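Student: Sequence:
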Amino acid sequence: MKQERYEVTGMTCSACSSRVEKCVSKIDGVENVSVNLLTNSMQVSYDENKVNEDIIVSEVEKAGYGAALANAGNEKRTGKGKRINKAEQEIHEMKIRLIWSVIFLIPMMYISMHHMFYEWFGIPVPGFIKAAFHGDENALAFSFSQFLLLLPIMYLNRKYFIVGFKNLFVHRSPNMDSLIALGASASVIYGVFAIFRIGYGLGHQDMALVSRYSMDIYFESAGMILTLITVGKYLESRSKGKTSEAIEKLMDLAPKQAKVLRDGKEVTVPAEELVKGDLVLVRPGETVPVDGVIEEGQSSLDESAITGESIPVYKEVGDTAISATINQNGFLKIRASKVGEDTTISQIIHLVEEAGSSKAPIAKMADKIAGVFVPVVITIAVIAAIIWLISGAAFEFALSIGIAVLVVSCPCALGLATPVAIMVGTGKGAENGILIKSGEALETAHSIDTVVMDKTGTITEGKPRVTDVSVGTTELNEKEFVAIAAGVEQGSGHPLAQAILQYAKEQEIMPLAMKNFKTILGRGIEAEDENASYYAGNEAFMKEKGVSLDDLGDTLDKLAEEGKTPLIFAKNNSLLGIIAAADVEKKTSRYAIEAFRKMHIEVVMLTGDHKRTAEAIRKKLGIPKVIAEVLPEDKERHIAKLQQQGHKVAMIGDGINDAPALARADVGIAIGAGTDVAIESADAVLMRNDLMDAVTAIRLSKAVIRNIKENLFWAFFYNSIGIPLAAGALYPAFHIKLNPMFGAAAMSLSSVCVVCNALRLKLFKPQRLEQTAGNVAEQIVEKAAGSQIEQSAEKVTDNNENDKEDNKMKETLKIEGMMCEHCKKHVEEALNAMEGVKAAVNLETKSAEVTMDKEIPDAAFAEVIEKAGYQLTGVEK
Numbered sequence: 056m057k058q059e060r061y062e063v064t065g066m067t068c069s070a071c072s073s074r075v076e077k078c079v080s081k082i083d084g085v086e087n088v089s090v091n092l093l094t095n096s097m098q099v100s101y102d103e104n105k106v107n108e109d110i111i112v113s114e115v116e117k118a119g120y121g122a123a124l125a126n127a128g129n130e131k132r133t134g135k136g137k138r139i140n141k142a143e144q145e146i147h148e149m150k151i152r153l154i155w156s157v158i159f160l161i162p163m164m165y166i167s168m169h170h171m172f173y174e175w176f177g178i179p180v181p182g183f184i185k186a187a188f189h190g191d192e193n194a195l196a197f198s199f200s201q202f203l204l205l206l207p208i209m210y211l212n213r214k215y216f217i218v219g220f221k222n223l224f225v226h227r228s229p230n231m232d233s234l235i236a237l238g239a240s241a242s243v244i245y246g247v248f249a250i251f252r253i254g255y256g257l258g259h260q261d262m263a264l265v266s267r268y269s270m271d272i273y274f275e276s277a278g279m280i281l282t283l284i285t286v287g288k289y290l291e292s293r294s295k296g297k298t299s300e301a302i303e304k305l306m307d308l309a310p311k312q313a314k315v316l317r318d319g320k321e322v323t324v325p326a327e328e329l330v331k332g333d334l335v336l337v338r339p340g341e342t343v344p345v346d347g348v349i350e351e352g353q354s355s356l357d358e359s360a361i362t363g364e365s366i367p368v369y370k371e372v373g374d375t376a377i378s379a380t381i382n383q384n385g386f387l388k389i390r391a392s393k394v395g396e397d398t399t400i401s402q403i404i405h406l407v408e409e410a411g412s413s414k415a416p417i418a419k420m421a422d423k424i425a426g427v428f429v430p431v432v433i434t435i436a437v438i439a440a441i442i443w444l445i446s447g448a449a450f451e452f453a454l455s456i457g458i459a460v461l462v463v464s465c466p467c468a469l470g471l472a473t474p475v476a477i478m479v480g481t482g483k484g485a486e487n488g489i490l491i492k493s494g495e496a497l498e499t500a501h502s503i504d505t506v507v508m509d510k511t512g513t514i515t516e517g518k519p520r521v522t523d524v525s526v527g528t529t530e531l532n533e534k535e536f537v538a539i540a541a542g543v544e545q546g547s548g549h550p551l552a553q554a555i556l557q558y559a560k561e562q563e564i565m566p567l568a569m570k571n572f573k574t575i576l577g578r579g580i581e582a583e584d585e586n587a588s589y590y591a592g593n594e595a596f597m598k599e600k601g602v603s604l605d606d607l608g609d610t611l612d613k614l615a616e617e618g619k620t621p622l623i624f625a626k627n628n629s630l631l632g633i634i635a636a637a638d639v640e641k642k643t644s645r646y647a648i649e650a651f652r653k654m655h656i657e658v659v660m661l662t663g664d665h666k667r668t669a670e671a672i673r674k675k676l677g678i679p680k681v682i683a684e685v686l687p688e689d690k691e692r693h694i695a696k697l698q699q700q701g702h703k704v705a706m707i708g709d710g711i712n713d714a715p716a717l718a719r720a721d722v723g724i725a726i727g728a729g730t731d732v733a734i735e736s737a738d739a740v741l742m743r744n745d746l747m748d749a750v751t752a753i754r755l756s757k758a759v760i761r762n763i764k765e766n767l768f769w770a771f772f773y774n775s776i777g778i779p780l781a782a783g784a785l786y787p788a789f790h791i792k793l794n795p796m797f798g799a800a801a802m803s804l805s806s807v808c809v810v811c812n813a814l815r816l817k818l819f820k821p822q823r824l825e826q827t828a829g830n831v832a833e834q835i836v837e838k839a840a841g842s843q844i845e846q847s848a849e850k851v852t853d854n855n856e857n858d859k860e861d862n863k864m865k866e867t868l869k870i871e872g873m874m875c876e877h878c879k880k881h882v883e884e885a886l887n888a889m890e891g892v893k894a895a896v897n898l899e900t901k902s903a904e905v906t907m908d909k910e911i912p913d914a915a916f917a918e919v920i921e922k923a924g925y926q927l928t929g930v931e932k
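In our numbering, the protein residues as written are 56 to 932.
Keep in mind that a hint or two might mislead.
[To be verified] Derived EDC-like pairs (lysine to aspartate or glutamate); straight-line CA-CA distance at most 16 Å:
1) Lys901 - Glu871
2) Lys901 - Glu866
3) Lys214 - Glu148
[Claimed, not checked] Computed spacing ranges between beta-carbons, pair by pair:
4) Gly258 - Ala187: 25 to 31 Å
5) Thr574 - Lys613: 24 to 30 Å
6) Val324 - Asp374: 21 to 27 Å
Quick caveat, the hints were computed from the structure, so don't treat them as lab data. Only a predicted model underlies this, so the values are computations on that prediction, with no experimental measurement involved. Backbone N, C-alpha and C fix where the C-beta goes; we use that ideal spot for every residue, glycine too.
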């Protein structure tokens, strides 16, 4: 299946989008089509063997509209490089129409209503106006001058008549323009008829006939209807333009030019001419134009545009640089790995555009109603006029009733209720590093009642470090054992294997040479040297290999209770020893889990780790439920089981090992995606490695759906009140009748109100742990102590036990990013500013020795250090 996005022209209301969608969906080979009135776009999934672009465009044109592939010449730039698209051109043209319409409308309305100023309110009227237009003797000049002033207004707004009548009579698919065209035309036709009757009356000295028709001229109504509708359309277009500001900002982030080394010389080339493998030069203050790997230099990169994280990230040789990030202070040479449409910023723009153009299930009801709305309104208008004629009302009265019904009805409000909220919501998410891939995912997220989380890389940092080395045989010393362990783990890409290799490197131990590596998923790894087979893995794997673990019961239990993961090593069937590693939780995981619980969302940790290891994490973070020792292929089964129990499930994982579970869940959320933003199995991608963004995603979904329901309510409420009122339902009892001019004004304002209500979503604020450097430590300590977060009984017990310890506690903080004495002083001052903390920073070891009067959470130190511009990478107690 191929998926393409088209720009659709000529749509003015939801009846138009409904017709386009219906016509294209009937094409054989088209699997799915979604037309968005807000963005004037259409997404089509189709079988390339049956359908092509020409067929799709042809069907849209047969329906009375225009279509072209998105970005295929649909925008141009000014001499200054500013982007001008069709929407902006249309707004400009509409503004010109509006200005000239008002210029002609004002004198017409003055002529039409001058007698009210003079007779009703006593406002003086110029003598020439009275002489030319006042009284029955001037009735012909009075009516004909209004007609002449109306003609330019009709010409300026001829689009309503051309499109409206074409859709009504040629395509037999009336839309909002048809309602406007019918209402205005009826007013004009009756006005012309009135001119003839006035002329007849003057010629036959029938002044009663002249007086009657001069009081019922509807030229001013037609002019006002057309002008007010244009006012509404202009305001609506301006408001709709604000909904796509996020995409415009993203597009403007990528630099238009780049400096590269070619043939040993520095040259400046357009960004679109970059190719994979180019060596790109980025100086301080410049924006990175590609995704790539740093080959020379070090600097801090501002990644806030991509991840929403305000703190710059330190980068050095070997690290990845992301497009649209800003180089803060160092000179970098970056080898391009992704350019053009493949870069992170381009993929983000693509995802946000797709999400904004997609439809949520809640929109289906509005679309169905919009599809039949206009024909129903025309029928109601005709029936209402006939009923009033039959009941004895004057023709003029019945005509005004029919016109009022036509112009008060607003299919636009229905059509805009959903897409504007989705566009603003997905744009707001993108601003904060949360990429939601579809309107359906955005809607589903608000009903989530269970969140399932992977542990490694999601709840924890995903970078474990070795904490214990225990040799289980007298034949080896610790150094020899670590050499064997590192040799075996060379064949594994597992994080625990990397921790052992890193430990060996730090201890300057050379890994033993191995061969014939074989990974057993969910169990461990095996390898060989010239003399023996070696195994590394969990208890189940050792039992499969016939390795006796009788002497390890207490040791394994103790390590598991401490939250450490033991890796058992064996040679042939003999035990060699154990290496334990611990993966620390992220600083915000505790708060995210508590936030989910406060939202009445059940939290489940799903992990392949040992039960006791998982239980230690559960107790430490207050996770209500944990499912441990789960193989990757079984995670999907656990998600399905929860769904069968009636739960709406969100799965949060790394998007790789958890792919089946992410796909199975009602909403799959890939966390910490880095540069790989287009994870197929996930419905949402979190650019930051932060669980709090998952909380924000669900809160954003709730806000968007609440906004959509408000919009739909007011759209339905407006039409359900406006149409009966215009039809004269209150006239018999209260003599209240809706003037067509007021009906046109109400129709315009209803659409504007719906769009403005959706724009309130721009005020949405993400829930993050961001405080100022001066009070961050105090606030986080208060949270940890329970002043802002409810503590579980187990946590309170732990705190009471800790209170019994010595008053003075010491920790060593590992800090990344310090490069000079200035950095050292900056970090030292920040730490010493914390209440009850005394710190000494060592630049050589890139660490800080801290002494505390009371226990302070690691998250407090991390926040203070990051606010200072550096990064806490580890804590040794």
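Student: If a hint holds in the structure, say so; if it does not, say that too.
Tutor: Hint check results:
For the given pair, Lys901 sits about 7 Å from Glu871 by alpha-carbon distance, which is consistent with the 16 Å threshold. Of the supplied pair hints, the one linking Lys901 and Glu866 holds, its CA atoms being roughly 14 Å apart against a limit of 16 Å. Restraint check: the Cα-Cα separation between Lys214 and Glu148 comes to about 12 Å, which is no more than 16 Å; the hinted pair holds. Remark: the range hint 25 to 31 Å for Gly258 to Ala187 is contradicted by a beta-carbon distance near 20 Å.
With their beta carbons about 28 Å apart, Thr574 and Lys613 fall inside the hinted range of 24 to 30 Å. The hinted range of 21 to 27 Å is satisfied by Val324 and Asp374, whose Cβ atoms lie roughly 24 Å apart.
Going down the numbered hints, you'll see the structure goes against just number 4.
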